[in-house]
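J.: Starting from the given sequences, assemble the full structure and let the hints guide the process.
Note that the first sequence covers residues 0 to 273 in numbering that gives the first Met the number 0.
Think of the hints as simulated: they come from the structure by calculation, not from any bench.
All of these numbers come straight from a predicted model, not from anything done at the bench.
Any given hint could be a false lead.
Listed next, the in silico BS3-like pairs over lysine-lysine satisfying Cα-Cα at most 25 Å (straight line) [unchecked claim]:
#1 K52 with K226
#2 K247 with K257
#3 K77 with K226
#4 K77 with K88
#5 K261 with K248
#6 K248 with K205
#7 K261 with K247
#8 K20 with K52
#9 K165 with K204
#10 K58 with K226
#11 K120 with K165
#12 K104 with K77
#13 K173 with K10
#14 K210 with K247
#15 K165 with K190
#16 K120 with K204
#17 K58 with K88
#18 K257 with K226
#19 K205 with K120
#20 K173 with K20
#21 K120 with K88
#22 K120 with K104
#23 K10 with K165
#24 K190 with K205
#25 K77 with K58
#26 K226 with K255
#27 K248 with K226
#28 K20 with K190
#29 K255 with K210
#30 K261 with K241
#31 K261 with K210
Pairwise CB distance ranges (calculated) [as the list claims (entries may be wrong)]:
#32 H193 with A100: 40 to 48 Å
#33 R160 with E27: 32 to 40 Å
#34 V51 with K104: 21 to 29 Å
#35 K257 with G211: 12 to 20 Å
#36 P229 with K10: 53 to 61 Å
#37 R214 with R18: 35 to 43 Å
Even glycine gets a Cβ: it sits at the ideal position worked out from N, Cα and C.
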Amino acid sequence: MKIHDVNQFRKKILEYYRRNKRDFPWRETFEPWHILVSEVMLQQTQVQRVAVKYPEFIKSFFSPGACANAPLSAVLAKWQGLGYNRRAKYLKQTAEILVAAHGGKVPDTLAELVRLPGIGKNTAGAILAFAFNIAVPFIETNIRAVYIHLYFNDNAAVHDRDILEKIAATLDLKNPRVWYWALMDYGVYLKTQHNGLLQQSVHYKKQAVFKGSNRELRGAVIRLLLKEGPVSAAEAAGRLSKPEGLTKKTMDGLVKEKMLEKLYGRYMLREEDI
DNA sequence: AAGACGGGGCT
DNA sequence: AGCCCAGTCTT
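T.: Right under this line is the structure:
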């Protein structure tokens, strides 16, 4: 189905939303730091998993100051289960910048937000909409599905730049917060009804296999370091082989990739860093 | 433009 | 065995 009338399109989305709104903890607050935290957590991570971790994380790091002052290991510990651990590092760095350069507050302009580590144009747009009710076009996987289905249904190679044009043309300037919530909820629904919507995007790409990868090993090593403190490669190998069920080939990365050294450096998990 | 970057749930 | 997840950063 193709939609040519903006009002018809808006009505369709908002009507669905009125009846099927999803409730999440981060939709019960407009507090910018809390919104920012939720948006970083939600990058490439299912809402159901974030819904479990978010409240506890917010309790521990209620303000940018609380996050900035905490050791990275503490932030990482609360992050476990969400994946992509560098986001926890970005979040702490962002908190430090907010304290040092923004009076401990989240800025309300796109230009300032995208300068923060781990915050790109899409997350920045989401923060502006959900924290400040400021309307800027941004794209995200569920929104992408909506526009592909309703505006580019017969196009097998849709570019985000063309979707963004439609997003701009249909933007709700009065209440972007509700509009984007509605778009996302409708996108989730559409994806249950139609297969392969996202494959119509030229930006679609398959993920590399996780099992047996360095990513799998890194995740396991981080968990071990957070639990046990600094260890040698030999100790790590001994502790990981059984409980984590890693293959020998995967474990070789500990030595070959100098995995421990890299992770100690990246996440400051040596004795002297803590 | 392509890869790196976690981990879990669902089919 | 794949597919996908409220993406960002680096090369």
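J.: If a hint holds in the structure, say so; if it doesn't, say that too.
T.: Hint-by-hint comparison with the structure:
1. Taking the CA atoms of K52 and K226, the gap is near 18 Å; set against the 25 Å cutoff, the hint holds.
2. Using a Cα cut-off of 25 Å, the hinted pair K247 and K257 holds, with the two alpha carbons roughly 16 Å apart.
3. Annotation: proposed proximity of K77 to K226 holds, straight-line Cα distance about 12 Å (limit 25 Å).
4. Among the hinted pairs, K77 with K88 is consistent with the structure: their alpha-carbon atoms are about 12 Å apart, no more than 25 Å.
5. Restraint check for K261 and K248: the C-alpha separation of about 19 Å stays at or below 25 Å, so the hint holds.
6. The straight-line distance between the Cα atoms of K248 and K205 is roughly 23 Å, inside the 25 Å bound, and the hint therefore holds.
7. Of the pairs offered as hints, the one joining K261 and K247 holds, with about 20 Å between alpha carbons and a cut-off of 25 Å not exceeded.
8. Proximity of K20 to K52 is assessed by CA-CA distance (about 21 Å); at most 25 Å being required, the pair is judged to hold.
9. Distance check on the hinted pair: K165 and K204 sit about 23 Å apart at the alpha-carbon level, within 25 Å; holds.
10. Annotation: proposed proximity of K58 to K226 holds, straight-line Cα distance about 21 Å (limit 25 Å).
11. Pair hint K120 plus K165 holds up; C-alpha atoms about 17 Å apart against a cutoff of 25 Å.
12. Distance hint between K104 and K77 is fulfilled; the C-alpha atoms sit about 22 Å from each other, no more than 25 Å.
13. Straight-line distance between C-alpha atoms of K173 and K10 comes to about 15 Å, which keeps the hinted pair within the 25 Å bound.
14. Proposed proximity of K210 and K247 is supported: the alpha carbons are some 12 Å apart, at most 25 Å.
15. Simply put, K165 and K190 have alpha-carbon atoms about 19 Å apart, close enough for the 25 Å limit, and the pair holds.
16. The hinted pair formed by K120 and K204 meets the criterion: a straight-line CA distance of about 20 Å does not exceed 25 Å.
17. Between K58 and K88, the direct Cα distance comes to roughly 18 Å. Compliance with the 25 Å bound is thereby established for this hinted pair.
18. The straight-line distance between the Cα atoms of K257 and K226 is roughly 20 Å, inside the 25 Å bound, and the hint therefore holds.
19. In summary, the hint linking K205 to K120 is supported, as the alpha carbons are separated by about 22 Å, within the 25 Å threshold.
20. Between K173 and K20 the alpha-carbon distance is near 19 Å, which keeps this suggested pair within the 25 Å criterion.
21. A hinted pair counts as satisfied when its Cα atoms are at most 25 Å apart, and K120 with K88 qualifies at roughly 19 Å.
22. Restraint check: the Cα-Cα separation between K120 and K104 comes to about 19 Å, which is no more than 25 Å; the hinted pair holds.
23. This hinted pair checks out: K10 and K165 have alpha carbons roughly 16 Å apart, not beyond 25 Å.
24. Among the hinted pairs, K190 with K205 is consistent with the structure: their alpha-carbon atoms are about 17 Å apart, no more than 25 Å.
25. For the hint linking K77 to K58, the alpha-carbon distance of about 10 Å falls within 25 Å, and the restraint holds.
26. Note on K226 and K255: the hinted pairing holds, with a Cα-Cα distance of about 23 Å set against a maximum of 25 Å.
27. The straight-line distance between the Cα atoms of K248 and K226 is roughly 24 Å, inside the 25 Å bound, and the hint therefore holds.
28. A C-alpha spacing of about 16 Å is found between K20 and K190, which places the hinted pair at or below 25 Å, so the restraint holds.
29. Distance hint between K255 and K210 is fulfilled; the C-alpha atoms sit about 18 Å from each other, no more than 25 Å.
30. Straight-line distance between C-alpha atoms of K261 and K241 comes to about 23 Å, which keeps the hinted pair within the 25 Å bound.
31. Straight-line distance between C-alpha atoms of K261 and K210 comes to about 20 Å, which keeps the hinted pair within the 25 Å bound.
32. Restraint check, H193 to A100: a C-beta distance of roughly 45 Å satisfies the suggested window 40 to 48 Å.
33. Distance hint for R160 and E27: a CB-CB separation of about 34 Å, consistent with the stated range 32 to 40 Å.
34. Between V51 and K104 the beta carbon distance is about 28 Å. The supplied range of 21 to 29 Å therefore holds.
35. The hinted window of 12 to 20 Å between K257 and G211 holds, with their beta carbons roughly 19 Å apart.
36. Between P229 and K10 the CB atoms are about 59 Å apart, so this pair conforms to the stated range of 53 to 61 Å.
37. For R214 paired with R18, a C-beta distance near 40 Å keeps the hint of 35 to 43 Å intact.
Every hint, counting from the list given before, is met by this structure.
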